[in-house]
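K.L.:
Quick mapping for you: the protein sequence lines, in order, are chains A and B. Be aware that the first sequence starts at 100, since it is given in my numbering, and climbs by one per residue. Be aware that the second sequence starts at 100, since it is given in my numbering, and climbs by one per residue.
These are calculated hints, taken from the structure and not from any lab test. Note that this is a predicted model, so its numbers are computed, not measured. Heads up, a few of these hints could be off.
[Unchecked claim] Capping the alpha-carbon separation at 30 Å, the derived lysine-lysine pairs in DSBU-like fashion look like this:
no., chain 1, residue 1, chain 2, residue 2
1, B, K144, B, K160
2, A, K144, B, K290
3, A, K144, A, K211
4, B, K144, A, K160
5, A, K144, B, K144
6, B, K290, A, K130
7, B, K144, B, K290
8, B, K211, B, K144
9, B, K211, B, K130
10, B, K398, B, K144
11, A, K502, A, K290
12, A, K502, A, K398
13, A, K144, A, K160
14, A, K160, A, K211
15, B, K211, A, K160
The residues making up each chain are set out below.
Protein chains: 2
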Amino acid sequence: MALLVQKFGGTSVGDPDRIREVADHVVRCRKRGDQVVLVVSAMGKETDDLLRLADQVSTTKPGREMDMLITGGERKACALVSMALNDRGIDSDSFTGSQAGFITDTIHRNAKILDVRPGRIQASLDEGRVPVVGGSQGVSADRDVTFFGRGGSDTTAVALAHALGADACELYTDVPGVFTTDPRVVSEARKMDQISFDELLEMTATGCPKPAMRSVELARTFGVRLHVRSAFSWVPGTWVTEEENMESAIISAVTHDTSEAKMTVSGVSDRPGVAAQLFRALADADVNVDMIVQNVSAKGSTDISFTLPHEQTPTATATVEAIVEEIGATGSITDDEIARVSLIGAGMQTNPGVAATMFETLSTAGINIEMISTSAIRISCVVREAEAESAVSVLHGAFELHKPAAERSDL
Amino acid sequence: MALLVQKFGGTSVGDPDRIREVADHVVRCRKRGDQVVLVVSAMGKETDDLLRLADQVSTTKPGREMDMLITGGERKACALVSMALNDRGIDSDSFTGSQAGFITDTIHRNAKILDVRPGRIQASLDEGRVPVVGGSQGVSADRDVTFFGRGGSDTTAVALAHALGADACELYTDVPGVFTTDPRVVSEARKMDQISFDELLEMTATGCPKPAMRSVELARTFGVRLHVRSAFSWVPGTWVTEEENMESAIISAVTHDTSEAKMTVSGVSDRPGVAAQLFRALADADVNVDMIVQNVSAKGSTDISFTLPHEQTPTATATVEAIVEEIGATGSITDDEIARVSLIGAGMQTNPGVAATMFETLSTAGINIEMISTSAIRISCVVREAEAESAVSVLHGAFELHKPAAERSDL
């Protein structure tokens, strides 16, 4: 008998039929003998609907009130799921984040968990019941309702799994696991049986849609075993662990991300402190700078390029224009039509040929590389947005990711 | 400077435009120098939508989960109203029933208030802010969310006005006050400036749609001054008080109610205890019996008629059929096409001519009276449902309710 924390996302509880399917799923888990705690997100597009309502009544949208409003989505879902379980003869209680013991700081819209006191959840389990917890929410020291931000239900599930000493935290999604690349782009994309925390973190940071990065970091910190799997299938999904990757793959996955733009500041003075001045100004303006590349200096000046979220380009442009003279730059240009293509793999640090193969593959396909950035387990290239999918496709083929690791050619 | 608790119903916060109008209203109250606490219902048809969702996922619908689900409606509304206020430069905080200090019993879907501890509301007021409270909800001794039932926001407002020692509790509705009868039926219906608690209670019990009876009882118990008025007008509405009615009207209003059916049990043995047996059985089956009339006994048996909500007729029929032999009855029949027409007035107890005038008026209009029931300040007649509106109309005219009390003819 295992104790499992199972998180169901918005799609999995998107309508009454789906909610009843979740309840059927729990019936099967209980028949197998498992103890189950559920964590649920808001139904379908409910969070978007609530945000739209807020936009219609307010431009200031105070954080405290936004959190009171938005957490209602998860609360509604947990009550409905609990009802559906009771209907199947399973005693169940719903819990808000506050009732479930999630104590947070007072930073609204992006609250951090300070402590989890799962007394009521444990008591519910001890009575043989199934607790259903509203995700992404807690209560602050000021006794106000707080929201963890979008994707926060994953964080709720991981933190609760840790607090309860659960055997695993299962993140149910609408896909069967983590893939070697986006299956909508490359039909040969292969579901991985296992992936390391580091690899998954690099993937979520480079365009892989799930699970939420913060929850993966938390799971790694606390050693919570994560299982990313499909809501309505018994087929195992992808396990995320610290354990050595049994597949021993050099490359695990290819990702792409079109959410960023590129900004280039030209003719920057090549003297110490200039880059610091530029990125301090951008940080003060809350611009999330990602990749940074500085070209080789020529004649005492240089170009600095960086990527940033599309929606932050107006802020970044204004910020840079304000200090353009101070840093001795000649101007800045932004480019919205870029994509980042990344190769992820814990084995690449001991295989220097990986980068060369990646660049050759893109070159052969006629795809120009505009920026390059690397980490120990990732190589990212900025390419034209229009060429992103074909870049993913040729890389997936070149590294034979459609095959299990053991069957791949040596690099 | 007055301290006012203002309750806004579902229609008044039904969409973003209405919510902004409520905020504008509060701006005007504050300019006038008043301190304001708002209590809000769920937006428009939201409670119905939530009930429908519950129906779609569950037949058992446990009370605890239903309350968790339904109270989300008021919670959403209070966050949105608070945001709209902040947008107008008014510092405001939203509060759930629990945060507002409403401690209740553990009877879900129909929780009773045990105590109100308005510490956070008072603190918010003391800081010059406007608290906005989600209506009809509290927290039980078991730390579970509880719901007061439909119309419970009026109760929240009255209880809070009492706990805060407010100068008045204003119930904002979509009509300008309490009328001498339904203005949709009789165009000459007149808004009353004042009405007594007893009269209003009789009106709400006989088809007047608002305010909720429980809140009126609570206001009478605690001596809270109630003001029923229109949300978007400075014209005073109707004051509800214990004070002597300045208008000194004999008759205040005519109401009608088509929500009930009539059931007649025929040939009941005319011996002691039979009626008790019948109504105990109905009470045990949770049938809400209203008017009861027993005809004069003839030949050792009698007919007993009573009214009950339409939707309870199947239950009542089954209950009566089960004891028909025991009580020596010959059978029962139900009649769904009845209406109750009531005349309300604190002055009628000292004016014996009122009943006679009522019966004559109906008779002259060719309207047959099927049942009669009276209280100290009310006379109700059951008539054919199809004749209800014309009964209201002729009675309203006969008692000259379209005129202020001082201008009416003597009865």
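K.L.:
Against this structure, judge whether each hint is valid.
P.N.:
Hint by hint, here is what the structure shows:
no., hint, verdict
1, B:K144 / B:K160, "20 Å, holds"
2, A:K144 / B:K290, "45 Å, violated"
3, A:K144 / A:K211, "24 Å, holds"
4, B:K144 / A:K160, "24 Å, holds"
5, A:K144 / B:K144, "19 Å, holds"
6, B:K290 / A:K130, "64 Å, violated"
7, B:K144 / B:K290, "27 Å, holds"
8, B:K211 / B:K144, "24 Å, holds"
9, B:K211 / B:K130, "36 Å, violated"
10, B:K398 / B:K144, "54 Å, violated"
11, A:K502 / A:K290, "10 Å, holds"
12, A:K502 / A:K398, "49 Å, violated"
13, A:K144 / A:K160, "20 Å, holds"
14, A:K160 / A:K211, "20 Å, holds"
15, B:K211 / A:K160, "34 Å, violated"
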